[in-house]
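Residue-level listing of the chains:
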Amino acid sequence: MTSKISFRKIISEVIGQRLWLIILISAVAALAYPIVLQTLLHEGAAMDESKEQLYYVVTKILGNTAGQTYFFLCIAAVISSASCFFYMNSKEKTDFYHSVAVKRQKIFLSRWIAGIVIVVIPYIAAMLVSIFVILPINGLLTGEMAGELVGSMFFFVFAYSAVYAVCVLAMTFSGRILTGLFLMAVFLGYVPCVYYVLRGLFANFYPSLDIPSFSFLNLGWGFYTSPLSSAGGIAFGAGNTIACWIITAAFLVGGFLAGMYIHKVRASETAGQSMTFPVLKSVIKVLVGVMAALIAGYIGISFHGENGIVLFIVWALVAAFIVNIFVEYLYGTDFKTIFKKWISAIILFGIVVASIIIIAGDPAGINKWKPEINEVNRMSFHTDFQLGEFGDFYCNEVVDKKIRLEEGLIQDFKPIYEVVDPELKSDDALITTYFEYELKNGKKVRRNYSVPEDRLINMVYKLSDSGEFREKYYPTWTADLESFSKAEVYAERLGSMAGGDKNYTIPKNRLPELVKAIREDSIQVGIKDLSKSKAVNYINFSDNARMMKVEYGTLYSSSYYGGEQYCEVEIYPQYEKTISFLREVTGDTSIGKETDFALRAKDIKELKLYTYDDEIYITEKKDIAEILDSIKEARSDFLEEIEQGIEIEIHYSDDTFEGCGFNILDKEKYNDVIKKYEFKLVAE
Amino acid sequence: MINIRNVSKVFDGISAVENISMDIKRGEIFGLVGTNGSGKSTLLRMIAGVLKPDKGEVLYEGKPVYENTEVKSNICFLADTGYMPGSATPDDMAKTYKIFYPDFDKERFTDYLGKIGLDGKRKIRTFSKGMKKQVSVILGICTNTKVLLCDETFDGLDPVMRQTVKSIFATEMLDRDFTPVIASHNLRELEDICDNIGFLHKGKVIYSSSLEQLRLGIQKVQCVLNDTGKEQQLMGRLKVIKSKKNGSMLTIVARGERQEILSIVNEYRPAFAETMPLSLEEIFIDEMEVSGYDFKDIFS
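Residue numbers (the numbering used here), protein chains in the order written: chain A, 22 to 705; chain B, 94 to 393.
Accuracy of the hints is not assured; some may be wrong.
[Unchecked claim] Subject to a maximum C-alpha distance of 30 Å in a straight line, what follows is the list of computed DSSO-like cross-link-like pairs (lysine-lysine):
| hint | chain 1 | residue 1 | chain 2 | residue 2 |
| --- | --- | --- | --- | --- |
| 1 | A | Lys112 | B | Lys332 |
| 2 | B | Lys118 | A | Lys112 |
| 3 | B | Lys118 | A | Lys124 |
| 4 | A | Lys614 | A | Lys549 |
| 5 | A | Lys361 | B | Lys188 |
| 6 | A | Lys114 | B | Lys145 |
| 7 | B | Lys338 | A | Lys114 |
| 8 | A | Lys446 | A | Lys507 |
| 9 | A | Lys30 | B | Lys188 |
Just so you know, these hints were derived from the structure itself, not from any lab.
Work out the full structure, taking the sequences as your base and the hints as a guide.
Next comes the structure, spelled out in structure tokens:
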């Protein structure tokens, strides 16, 4: 035979046999893009929506964040790959196509290309009609928009190709359509699924390891193990975009090459058999069974928390049992064969039991690990506990915790080491605190443990004597004062009925000097000493550029407020450089001086006394006088944690009031008031 | 032309073909006979390059077949359950074959189709099993390949169609370089068409030679001697494969030429003596029983 077989004709033959699929995809694409777009734009125009609103509609339908496109193309990838490579599942078709004078690589390539063409051509056609016909009709097409939408179109073609390549690879490993679809699910979702389930389980059973559960803030490497997630990452801006591009491309190229290789080496006789390589049957069953067991166990834990360990074990074993039956039936399509594969079933249950023991039992004692003190070189800690007016020990859990732990390592770590008690279980009364050990062998180990509040305060006070600690951690309010672009100075309002609202804004160009001064001052004096002093002013820092950027990147900070990340810094009399700077900038020499404590006593109508869960109103003049007698000026309104007290709100005859916790009762009279008015105090 | 050298193939631990060697010569019709599961389909698929032998090699004109497009362009394989999409028509199939066999003769296909009375535009799913086989054979012949491998192709054909196909084969062999290889489990269907035959049993070749040689070498004689002593002497002089006595009638299957055997029998002055024709199946059964195979069970 001399005539040559035309590659183009082979592709045409594959496509020609799938006209039904092309028609189906064309219909869906026509409906999903030009028809829906025209309908929505028509409705929008009828409702006098602005151009911006109409542009929004356009990008939601045609842009790269169009979720329906992503979903549509993923489904199309599954159908197209299954259809184009179904021939490998049929003995008759395999006999035919493998007996003709065409190399198997060529057969693969022709079908691979056909699978792309079948989906991509209708999609591109629908997109081009939408962009270059529907948009101009509605007067919405701009050059910039056309470029953006065509770019989105090519992105989706790229994403489709990557998912399709992996689906085809799955098909080459199978000899039956059902197992082919099963393998597609495994190839596309197994690793991310197992990764996040394990992360969730370890986060639950190994809390000291500080493993985050699934979060867009911390996607982890598992996110990058499937073209579904990596392409989704590009579309929806999750994860590292560059990494997502590279990984999606790697799935495309790797899936194509691996698929071609497996297609070449797979034996023709595997047509009709569940797996191309029989050994994979047991491997896949065990892998899927273990995953199902872990997912079931995780769901059990999610329902019942840490104490749901029995449920975790039961659900995991039941899931493994069900998966064993399901997968064997899938392989053998016969219930009789299900219980004959007992070796792989034993392996499956063995791994599930081992996983349960490792996850729930912590046999190596990892969760409660604490190094010997002589093994530790340096330590650092971080907590979100608010130590009175000394502010948060963090600003953002993603950025600052890391900075604190990595840059806050100190040699005088004994107070930190002593507070670590791995035996304590997480509880509401305990505060989660993060520790980093730098071991003498150079290894760094991060753990988090629950610490009682009083021990934590005591530790901070002890540490405040250390110059090294102050150098690393002070000022304690925030780690990134430099990131704020606005600062306003207020007179300290605590215990003061005068002033309070008077404030100055520090010029932006002088903020670095202010921050420098605060740092230098704060390092000079420890929290322990400051806690005995009374703040004289406070500075409200706001417009934290870094935090705002984080905010718009969908990260939320617990301190997020009014569109600005803010931070209040108390100024103490010991802050000589800061006070001097503020006086110089504002020209107000009262800054740094204690404000007089005064009350408009004659106008008082009633007093409202309240604690966290009780409140009473004092209206009798005699009682009001007695309580006002016992008022002692508070050093801080943030010191409820330290100074026991009852907050008092003063209501005047002219229906105005003030308070905000500026009054703390004299401790000697405190108990009398409690007793007399039968206060219920949670603090007790 | 086709040389099969020590070929073995194992499926799921079961040996489908075990160390088979045989040669198929150019221009002969080769019959591959064997019971179900004897390995003939597997062997054909290895010859076609569909399966890769685990051991040994299949050569066409000295070149391996597997993944060798140059060689495979000379071979067309018609599987027992051929690739015939139900929604396709014979004409559609001809178009598909034309893509993969560029020398496919569409005109001849239409001609043959007309001769056997099949409509080229009728959906294949409406065809009977025998009609599908007819379409399959015609498609295979019209590919113009030098070798046509037919797996159980004749099994679904009625006697008239079988004769028609045989005559088409004969015409093709006269007109061009054409070597059909026909696998069947039915010896009777092959004995009047094949030149050479290979018999497979449990994955092994237990006989491979020309049919003529097989026929000439074995004779069946029926005689009446009425003397037990003479009967014993006669049996001693002949190369007896099998003997049976039914009343006074002695039936002997013996190896040798017809005339030679008859003259020996006549020396004992039988009351009656004649040679009987042996079917290919009988020859095989007798021969293979001698070889230790219990063919009564196989063909029962």
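Now the hints, each set against the structure:
1. Lys112/A - Lys332/B: Given that 30 Å is the threshold and the Cα spacing comes to 48 Å, the pair is violated.
2. Lys118/B - Lys112/A: OK: Lys118/B and Lys112/A at ~29 Å, within 30 Å.
3. Lys118/B - Lys124/A: Holds, because 26 Å separates the two Cα atoms, which is no more than 30 Å.
4. Lys614/A - Lys549/A: Measuring from Cα to Cα gives roughly 21 Å; hence the hint holds.
5. Lys361/A - Lys188/B: Cα-Cα ~47 Å, so violated.
6. Lys114/A - Lys145/B: holds (17 Å)
7. Lys338/B - Lys114/A: The hint is violated at about 54 Å.
8. Lys446/A - Lys507/A: Status violated; Cα separation ~42 Å.
9. Lys30/A - Lys188/B: At roughly 10 Å apart (the allowed maximum being 30 Å), Lys188/B and Lys30/A satisfy the hint.
Going through the hint list in order, the structure does not satisfy hints 1, 5, 7, 8.
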